[in-house]
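Chemist: Given next are the chains, with one letter for each unit.
Number of protein chains: 2
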Amino acid sequence: MSHPLLEKHRATLDGALNAIRTRGYWSAYNEMPSPKTYGETAAEDGKKAFEAHLGKQFGLDQPGQKGWVGGEQSPYGIDLAVQYPVCDHEALIAAGQRAMVGWQQAGADGRTGICLEILDRLNKQSFELAHAVMMTTGQGWMMAFQAGAPHAQDRGLETVAYAYREMSFVPTETVWDKPQGKNPPLVMKKHFELVGQGVGVVVGCGTFPTWNTYPGLFAALSTGNAVIVKPHSNAILPAAITVRTIRAVLAENGIDPNLVSLCVAADRGTTQKLVTHAAVKSIDFTGGNVFGQWLIDNCRQARVYAELAGVNNIVIDSTDAYKPMLRNLAFTLALYSGQMCTTSQAIFVPAGGIETEDGHKSYDDVCADLAKAVSGFLAKPEVAHAVLGAVQSADTLRRIEMADSGTLGKVVLASTKLENPEFPNATVRTPVLLACDVADEHAYMEERFGPISFIVKVADTAAAIALSERIVSTHGALTAGIYSTKPEVIDAMTVATMRSKVALSINLTGGVFVNQSAAYSDYHGTGGNPAANASYADAAFVANRFVVVQRRFHI
Amino acid sequence: MSHPLLEKHRATLDGALNAIRTRGYWSAYNEMPSPKTYGETAAEDGKKAFEAHLGKQFGLDQPGQKGWVGGEQSPYGIDLAVQYPVCDHEALIAAGQRAMVGWQQAGADGRTGICLEILDRLNKQSFELAHAVMMTTGQGWMMAFQAGAPHAQDRGLETVAYAYREMSFVPTETVWDKPQGKNPPLVMKKHFELVGQGVGVVVGCGTFPTWNTYPGLFAALSTGNAVIVKPHSNAILPAAITVRTIRAVLAENGIDPNLVSLCVAADRGTTQKLVTHAAVKSIDFTGGNVFGQWLIDNCRQARVYAELAGVNNIVIDSTDAYKPMLRNLAFTLALYSGQMCTTSQAIFVPAGGIETEDGHKSYDDVCADLAKAVSGFLAKPEVAHAVLGAVQSADTLRRIEMADSGTLGKVVLASTKLENPEFPNATVRTPVLLACDVADEHAYMEERFGPISFIVKVADTAAAIALSERIVSTHGALTAGIYSTKPEVIDAMTVATMRSKVALSINLTGGVFVNQSAAYSDYHGTGGNPAANASYADAAFVANRFVVVQRRFHI
Chain A
1 MSHPLLEKHR ATLDGALNAI RTRGYWSAYN EMPSPKTYGE TAAEDGKKAF EAHLGKQFGL
61 DQPGQKGWVG GEQSPYGIDL AVQYPVCDHE ALIAAGQRAM VGWQQAGADG RTGICLEILD
121 RLNKQSFELA HAVMMTTGQG WMMAFQAGAP HAQDRGLETV AYAYREMSFV PTETVWDKPQ
181 GKNPPLVMKK HFELVGQGVG VVVGCGTFPT WNTYPGLFAA LSTGNAVIVK PHSNAILPAA
241 ITVRTIRAVL AENGIDPNLV SLCVAADRGT TQKLVTHAAV KSIDFTGGNV FGQWLIDNCR
301 QARVYAELAG VNNIVIDSTD AYKPMLRNLA FTLALYSGQM CTTSQAIFVP AGGIETEDGH
361 KSYDDVCADL AKAVSGFLAK PEVAHAVLGA VQSADTLRRI EMADSGTLGK VVLASTKLEN
421 PEFPNATVRT PVLLACDVAD EHAYMEERFG PISFIVKVAD TAAAIALSER IVSTHGALTA
481 GIYSTKPEVI DAMTVATMRS KVALSINLTG GVFVNQSAAY SDYHGTGGNP AANASYADAA
541 FVANRFVVVQ RRFHI
Chain B
1 MSHPLLEKHR ATLDGALNAI RTRGYWSAYN EMPSPKTYGE TAAEDGKKAF EAHLGKQFGL
61 DQPGQKGWVG GEQSPYGIDL AVQYPVCDHE ALIAAGQRAM VGWQQAGADG RTGICLEILD
121 RLNKQSFELA HAVMMTTGQG WMMAFQAGAP HAQDRGLETV AYAYREMSFV PTETVWDKPQ
181 GKNPPLVMKK HFELVGQGVG VVVGCGTFPT WNTYPGLFAA LSTGNAVIVK PHSNAILPAA
241 ITVRTIRAVL AENGIDPNLV SLCVAADRGT TQKLVTHAAV KSIDFTGGNV FGQWLIDNCR
301 QARVYAELAG VNNIVIDSTD AYKPMLRNLA FTLALYSGQM CTTSQAIFVP AGGIETEDGH
361 KSYDDVCADL AKAVSGFLAK PEVAHAVLGA VQSADTLRRI EMADSGTLGK VVLASTKLEN
421 PEFPNATVRT PVLLACDVAD EHAYMEERFG PISFIVKVAD TAAAIALSER IVSTHGALTA
481 GIYSTKPEVI DAMTVATMRS KVALSINLTG GVFVNQSAAY SDYHGTGGNP AANASYADAA
541 FVANRFVVVQ RRFHI
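In the order they appear, the protein sequences are chains A and B. Okay, so the first sequence: first residue is 1 according to full-length UniProt numbering, each after it adds one. Okay, so the second sequence: first residue is 1 according to full-length UniProt numbering, each after it adds one.
No lab work stands behind these hints: they were computed from the structure. Warning: the hint list may mix true and false statements.
Pairs count within a copy or across copies, as identical chains cannot be separated in the list.
[Stated by the list, open to error] Mimicking DSSO-like on lysine-lysine, the simulated pairs with C-alpha atoms at most 30 Å apart in a straight line are:
no.	residue 1	residue 2
1	K178	K486
2	K8	K410
3	K47	K36
4	K66	K361
5	K361	K410
6	K410	K124
7	K124	K178
Since this is a predicted model, take the numbers as computed values, not measurements.
Same shape as in the complex, but just chain A (with noise of 0.2 Å):
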């Protein structure tokens, strides 16, 4: 009775039913791009698929096709040159809710097992999905292959593991039997409909186009919405591939594919019109303060689910590895040169400095050996380029070299430009790291995207912890971190991020990193602090996404 793609991923769907409810490690989809998994040919047939792109049109076959356009410029310096179908937004929300119907009447089932067979086909363009969002978005090679391809789509099996638990809970039908003492009983039959609130629009990120993206396209679309695509202006090869690939999959599976469509809007003007449609009834987001706020104030008509800026913090107290935290640190504050909203901006440390298993460390010290750490880390120009990627866009260039003049802070490690010798054109910066005291509220106390953070001076740790929970709760974070030998400052912090709501890691020294965030196991924002008001992801992220429309009669 169930549909055959549901029973062809079965296994897959059961695995991230189970990895959402035990949230232990897992993952549907090969993180290394191994030759095992992906087929021997799989990396040189995905680069050849991604160059074909190049200097192209690339058909979508969808309604109302008003012209092309492109203009994407890639940090790696390579010329892109693809050009996107410009539809009217008006024929494709039409057509969205035509197709709703039918998608409707798939059931629970048939839109999960879709699902599934879409991202089991994402998964198989892995490599061509890494070199776009590579290209578009400065990732480095591996981050680009991971996050942009496997880890996106172990978020977006995510989302449609907790939609199908949620809307699975719901049966189809019921019957209703209520007794009436000594009369005949009152029967009913009941019926429960699943229906998709309307079109939702996921509007992408110039960093994370897919990462970002497939969280709330699948939320949307597995509970019976049709989705429009808004990608970012200048990361569109990646959702362009994303949705031809589900047009693809919904046709050949009777589907009308007009469901899920791309909207290139040649102007802000359309992008207004489209996301205040009243037929569009969700709007995921991830993006900065202004226009994520323009979305909430003006899409009145949409439950909006932003993901905004941030103060990612770390408050250091004392540590028994003192060289390995400086590493992980080093790490998180390189790794695509702090173009991640999970990186850390803000390191606290006390003014009377920290105890190591090395000894006391005074703050000028810290502040020297994180610097040193970073230097060293990337003292090697192929570990450099790997981790580093290119900077993504010229607005995160001029924040860097604002604060390499040293006007927000005592400049203490300062930014280098690097030359790529693959990619002769690419915009690569080193980290800057800034000092600068608590007062100086102006410098660190709002987002400065990119790889700018400031180790802040504090009285002590406990007004490092105080900061940070007033930062939280006022300015938003992702991510927090916790550097502590002594079990009641852990749990001082514990305490302010309950309050606050943040996620925090704690004593990170080895492989792992605080601007990490793992599929099924790691909750990605609360939806508790302003730098999201929705997490990847959880019930609360599937279940307005569709009502229940009832029926009931007497039999």
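With chain A's structure known, arrange chain B on it following the hints.
Modeler: Just chain B now, with coordinates in the frame of chain A:
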């Protein structure tokens, strides 16, 4: 390891969990005021407990008390004269926030167990609550007992069950063990803490001060939030009794009773300050569009769960049970003088009439026969008073008079004033039935709360179904009905209600009525049309009221 109160009430919780999964008939609390269930002296004791409140100050021992206020006017014309504490809303919020810490530490099991104990204790007060509901709202006795006590308790329990399902799905801890090929695995211990979003405000309505309050109250409470109940100014007593019992059970179990408080505002400004307070993170509201929309527009810091106005409607195409249909409709229109958010307001009848087992009935026949059915049903005064109750507000009385004047349509059944021998000062009116043309949208296409219904002449059944869909989509509805002997008509109405997202009752001719919504089985509202942005109860009603705050460290 589990909380003793969870163990005490485990069977009740399991019953509710099974009921929301299967949605068959189930109830935890007997809807019949039976001495066997409630005790031989329960009826008398409950009446005395109610009477003991009259003319007295209703102490609650809340912080920030600065005076007393009363002024409830009974629709039955009896003198209530209860005085309630007026407390500074800032003091209530601050005290609620402090109390949330211990409530969070109680964990999902502790919170659920205590909520189950509260509901059990409220159930034992069913007679007292029923009198308080009856005398403040004007409901008839049996309805006040059922909807005011056991049915409200069932709706409360339903949300506790949904909340428990979501909370217990999140593991309190896990071990994350990620293989690293030939290297040792990365192993982390992770803890997951459920944290309430903040203070919840539940704004009560004047007609169903428990049934429409308990879902939001118990949803917010069980998920870890403080709750401030802001009752309707004319239906305070049922809320005050409820809050007093909750506070007593909390204190008995070591929880600061200020977790739940009653906020009786002496003026509208205080209410506005309360609901827009930064600490208030959820608002549950049932009532009119003006204040409801104000809440949605102004309380941007909170999630607003709002049940607003709608235009419930019924399409009559044909029937093979003409008289039973008329009797069923007559009961719906008369029950509690139509003062239910689920009462049908617009009945669509084809201009060419309808086919019945009793031959063809013209539009005028249907109007006349329905009028006769209502007046016949209410012919016996004891039936009339039991069913009609009394008119709750002066506004409803004015609407009845306006409808009666004929300005909104042709009066096919005039409202009459009845004398209630038991309550000589009661305000009792029978329903008004108006006939109007489909073009008179100004008349029937806005909610006219109270015993005012329109029999609208439409071109044909197809036009009626299209009109129903348009009304639900644009003005909202909690209920829709269809009478037809033709499967294709029922199918067309079914598809229309899926598009407009409203619950459909088909061919009700017996002991179930379109305005009835059974806990655990019927979703009250879909959350998908303008009449309500949430449903009682589903996962979406509870999932956003708490967040998961995690911490992780290597082991």
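Chemist: All hints are to be evaluated individually against the structure, with a verdict given for each.
Modeler: Hint-by-hint comparison with the structure:
1. K178 with K486: between (60 Å within a copy, 27 Å between copies)
2. K8 with K410: neither (59 Å within a copy, 62 Å between copies)
3. K47 with K36: The answer is within: 17 Å in one copy meets 30 Å, while 77 Å across copies does not.
4. K66 with K361: neither (64 Å within a copy, 55 Å between copies)
5. K361 with K410: within (19 Å within a copy, 89 Å between copies)
6. K410 with K124: neither (48 Å within a copy, 68 Å between copies)
7. K124 with K178: Between copies only: 23 Å across, 53 Å inside.
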